[in-house]
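From these two lone chains plus the hints, build me the complex, please.
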Amino acid sequence: MNGRRRLVTLTAAVLLALSVAGLARSVAPGPPSDPTQAVATELRCPACQGESVADSSSPIAVSMRQVITDQLAEGRSPAEIRRWFVQRYGDEVLAQPPLRGTALLLWVVPAVVLLGVGAAALRTLRPRHRPVQRRPSTTDAAPPGGRSARRAWWWAAGGLVALVSTVAVAAGQLARPVADAPAADPAVVAVQLAHDLEGQQRYAAAAEMYREALRDRPDDAIRLRLAFALLRAGDAAAAERTAREVLDHVPDSPDGLLVAGLAQRLTRPEEAPATLRRFLSVAPGHPAGPEVSRLLGS
Amino acid sequence: MLGDLGAASLTAGLVSAVLAVLLWLRVALLGAASRPARLASAGALLAAAAACGLLEAALLAHDFSVRFVAENGGRHVPVYYTITSLWSAMDGSLLLWLLILCGFGALLARRRAPDRLRAYAMVVVSVVTTLFFALSAFAADPFQAVHPVPLDGPGPNPLLQQHPAMGVHPPLLYAGYLGMVVPFALALAAPLAGRAGRDWVRVARPWALAAWATLTAGVAVGAWWSYAVLGWGGYWAWDPVENASLLPWLTATAFLHTSLDGGRSRERWNTTLACGSFLLVLLGTFLTRSGAVASVHAFTESPLGPLLLGFVLLAVLAATVLTGRNRPAAPGAGRAPLLSRRTAVLVNAVLLVTVAAVVLIGTVLPLLTEPLTGARSSVGPGYYQRTAVPLAVVLLLLAGVTPALWVRDRATALRRLALPGIVGLATVAAIGLLSRPGPAVLTAFGAAAFVLTGLLTEVTARRRRPGRAWAAALAHAGLALVAVGVAGSAAYGQADERTVRVGETLRVADVSVRLVSVHRSLDEGRMVVRATTELSGNGTTRTATPALRYDPARDTAVTVPAISSGPRRDTYLTLIAVAEDGGSATLRLAVNPLVGLIWLGGALITVGGLTALAVTARSRRPRRSEPADRREPAGVPA
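Just so you know, the protein sequences line up as chains P and E, in that order.
End of the first sequence sits at 298 in the numbering used here; the numbers just go up one at a time, nothing left out.
End of the second sequence sits at 638 in the numbering used here; the numbers just go up one at a time, nothing left out.
If we strip away everything but chain E, and leave its shape as in the complex, we get (with noise of 0.2 Å):
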């Protein structure tokens, strides 16, 4: 019953989606009235809401005649876990996807009377739509019915059920994904629009900057989740999953700086870089739901593969035939300065574009190797410590330049870098000469001095646009933030993994475990083995009991480390292995300084979107009721 209803949604969703293509090409192309393309374009949101709705009552229902409910539902899953199951795997979080893309496509129709740029944007972002709606339904259909009913399903990967923002991450990194088709339509959309088409980055930015915030946000709190989830103490390990989303992430981050001022005589920047973001998110989907890279985040694979790249294939020849024509560039300011916003913004992006093509290349080369030369080959992590780390830390210098590019004259901007240059000295001096954490973390700690020192006597001493600059400080605080955190625990962590018995006590610098005794529990179904610890370290001492869980209807074992956070540090215990008579356990004791700062500086850096996005749509507003040719600036000098 519930399996017929959702089939039929999702027919209702395609038929929608289609039906706005159409309908949304009539108003762009003919001057037509929009209310039926928006009608439409909202018929698209409420059958993906529906099918949504749908799966999720009958995996809380239990309707184990529904295919998705029979492969990832289960009795003995919590109620939040069931529901968060909706995108444990691929049927069901496609159904996610559309949702959130039907919502952004909803928002960005929402005007009564929509200028040609939004219309072919909705063209656009309508195709997209049709496509998901065409794979889920015929490709990837999570309603098929289930002969015979199973009495009980496996629930969702064990990985899955067992922290908290299981129900935050992947919503946030869809959503993040997902804003960015709106700016890839706009600038897909501008070549044919025409004079609305000219203004097409002041419309996109928006779009774009709540896109990214949601993605930082997104990757962020995934960094935290595997940290505390996965056992091994690390936040990021270079994987095909982790790797996907950092990439729109970079491209967008180098759109969000050559959209500045209008972006007016970056305009091929602008396209390359909002198309680029979207083809990655296509492109990253690709890679890691088809199965083709292996991951230890596949946790959804599929069929699918073949026909995602098709779509990231339509996806570039569409771009590459609208926007590749040459159009008369606005002419830009002539020769740009050395030390000017201007070429900050552009090397910027350059490097931005080069630390994706790293990135891009890593992820990718297993998949290009295997079929040459037959062996599963990896890129671990020292391929992108040696260049991605380097690129990253140049990067977060030319954050610190900022403060000096709000100035006219060159001596006063020079004088602005003094205070700054010297404190990311006399840090890299102190650090240097007191220990030795290795070249890249030491810059790695100059260069977050140097910003956070820039941008201290920034906000103090400017008064021009405040809310752009809190905006832009606070993003690149947390990206120094982020980078003191990951320097940090990088090189100053510490770690040691032993058998001990019970009794016995591991030592990791000034942190001591002791273990106390090891239990055995059965709890729902799954195997449960704690070992009750005493952990001492900073004169106070209490009790920590990490633990392994067995789920034998998966078949896999999960361990769940005990993290006692401070503000300097982090202890880390994980139980990896118990001898068969409980007499003695394998236990792994890190410590780990610092890495509360790279949550702190990722909240920090989605904050900074945030509030660019608010003074945005603040200085906007007034300017709303003004006719659309007073807004057009005069790109040609008179």
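Okay, chain P solo, but in the shape it has when bound (with noise of 0.2 Å):
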């Protein structure tokens, strides 16, 4: 029997030392499978609700791991990366929103919960004598019947009204639902990747991102970047299309007679320069004017 028992103490110690080897080398992190999925792994897609850029299959967050693609490839740190999309989109960025402020709550209401459940636990588990009282069985609450209970019945058939119509007058108080506004509005971040993609020249992930903006919020300005972005593309007969969406709206919109003429300079040679002698006549003062005038003059 002691033999035995022996065994088994020898046998515990060293599949404990072996485990402890095993748990030791499993902390030690191990090179990460996908670096771009690691990061995006701590990034919130914006448009989506609740998913992060990791699992989400929205053009925001396909651009997204784009982007973390490329800064890894130009050498930047996962933490730089993070800063990166911190600086332009604000915390809500991150699926871990900083430790501070009422974040420090995540810690700090479990930590309490446990403190203060584990302490009731220790009372019962280890209770201070306490005289016992000993109830006589007949202190039942109230004996059914009596005037007392009449009473309390009477109470709460008022009470119960008084709820009932609570809830009919509050009913009447609430609005039906208004579609309100989406978490982080997609279309605000869409417009802002985009322009992020203009500026490292990949006009036609740009016009992705500005088409997946308007689909949220049908605007003017959206249109007109749109437009640009497809100009710089190369597709001038999208871009002129586009433009032209935007002078059906406003015949007289600068940017928008500068896009269309520059972009039939490609497509209808012909019609250009008038279109672009009404952007000159329409805004004079534009930045684009000189450089207008010089094609024109040519």
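Some hints here could point you the wrong way.
Pulled a few chain P residues facing chain E out of the computed Cβ check, cut under 7 Å [as the list claims (entries may be wrong)]:
| no. | residue |
| --- | --- |
| 1 | Leu10 |
| 2 | Leu18 |
| 3 | Arg25 |
| 4 | Leu104 |
| 5 | Leu105 |
| 6 | Leu106 |
| 7 | Pro110 |
| 8 | Ala156 |
| 9 | Gly159 |
By construction, these hints were calculated from the structure, which means they are not laboratory data.
Given the structure is predicted, the values throughout are model-derived calculations rather than measurements.
Ideal placement from N, C-alpha and C gives every residue a C-beta, glycine not left out.
What follows is the structure, encoded as structure tokens:
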């Protein structure tokens, strides 16, 4: 018997040592399998609800993943990339809000609960000596019937009627659902992202982002930026189409005329001068004016 | 016509519920006959059933003059999903909610001669019923008339008409939620009912077991559903709606443990946990149905937020006032030894409540932060992985100690733990030296091995009360399997996402997928894009066709992943996007090992709960004829 016990103890000790070794090996981080994915999990997809950039298949998340890959390729560290995103989109882009202010509650509340409930458990398990009150078994709350019971019934009935009326009155005050703005405005984020893409001269991707933004917010300002991006991406026909949509709403939009004219130079060169001249007459002081005059002159 | 009848049935239900409160109060306070009260409760059930039936009839008849049908019905929707669209939006699901609530009320009221405890509990249940009937009748009437009558409706959210689980998951979840109303009502009734109230835990336990088992099944089916539908290959995202279903499950689990053996020495714990479970149900309903927190599951936003918050506060107030009085606790058995059931049950409760606190604060923090900073923040899975997951591993280890708690002397108890302990350590050592899954996963594997081995030795060794032992063993084994599934799929899952041209191949581990063709079609007003692919792995090749569905009526696209499940692993293929010309497609291929164990474990936990319920019911039956006084155990030592 004693020999068996020794054997068991020995086995346990050896296994304990081995499993500690296994745990230690596991704690030391291996090389991350996919660095883009690792950064993306820590970012929140602005257009989705509660999904990370790594999980989401929305266009914004896809291009944010692309941005991460590009920046990693430029040799930036994950921390720098996170900072880059925070600078542009604020703390809300982080899946993990930084630990300050109310976010401290995430750790304080569970700790307080653990201590409080743990103390209660200790009290239950190690009760201090208390004289046990022997209650006669007749101390029933209130015996059935009797005047006080009747009074209680009437009070309760009144309370119930008041409660139901409160619900009825409050229900009348409620507004029917208003389509409220989603979490972080996806259109704003998309425009911001597209702007960044333009900065990196990735105009086709930027145009895609502007289209995404337009779907959420059909706005002429975004449409114009889309038209510029398309023009720079080399898709003059689409750029002109987009500019025309703006000109349909605002016939004298200077930027609309400018893009349309520049696009026409590539698609229908014979119409371009007329459009560009109109641009000059509508907005004589436009920063692009001198350049356009030069183009017309040549 | 249907609309008018429906509105009338809601009014009838409200009136019956109000009458039920008053009549049950007469039974409880004045000792009046219970027949009228039972009739009123039955009337409320009938009205709720009629309202559900009428709305179903309106949905099936495409009666678009009824507001709910105009907003959620559609001629293109298949019959099955037309039936399930009753609970695809707030106002209709409130009717299902009422039906289940009234059903539980009628079950609790079924006795001819209820004691004061049950009478008071029926008062509480009837008040809850009244509040929800009032909510439905005044604030969320699905039967309102629509002018002009539209010709067709958009149908329910496309995500909700994609998987047959839609017919199972919400009703199960609601049944689990609302089952918690009975333990809550009994806990509130106990201090009012005098002597009859002292035994409330024994009365409440079967109800809690039934509700808990149903809730477990509901959560498990929900996880399986989101795995099969949402297309990202996960089953749990720590999303507010998911958290809301987990919260009452955690506290109800704690209650099932503290209420063991009649729970006499843990009166406070039982009361708090029983009340807490239902309060968390109400709070979860408020959080997720008011649009207060953002969620992927927020299919049903409504303006009911303030009213629901009012209900939560009212329930908290009632629970505090009624149960807060310091009742003389039944004297415990003195100091509990460290390795004993009394200690284990309380440690378990402490841990479960702490996990609940973690999940709760993580869920409501965005709600607290927003008014202060103006920014919408969110708490991601990372937080829960650092807090809830380690606590859950400790809980699992605790479940492994159970076999040692049935024996009296310490030496035997420790000997019982020797073999499971060695197996657990061997598992950690073997897996830890062969791969690097991370400390949490490694510990979870070890803990699961510890639990499963312990259970094997326990069920083979023990003779006393075999039914209860089996119930606990099944539930604990299920928990261990879930842990293995979660840990395994998290640590060893692999995925890749890439745009491939037709004929090209995407490879993950030893599985490869070759894009054969992409084709578009119109199916019942929805645009469907299917990618035909050849999936090879394990030496076999078969065709898999993931799809993307676009629903113009709701302007949403839904991915339909192609999943092939095996005992060892699932391959999970999603179509993310296709090129305009159909020449290439973006595919995501994931290999998820051991995921099947999660569903198996969920089923085992549910079966464990049901077994415990059956055992309780059987052990109770012969005693029912005994006079009430005989059942009163000697609470006060002679």
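Of all the hints given earlier, name the ones this structure violates by number, lowest first.
1, 4 and 9
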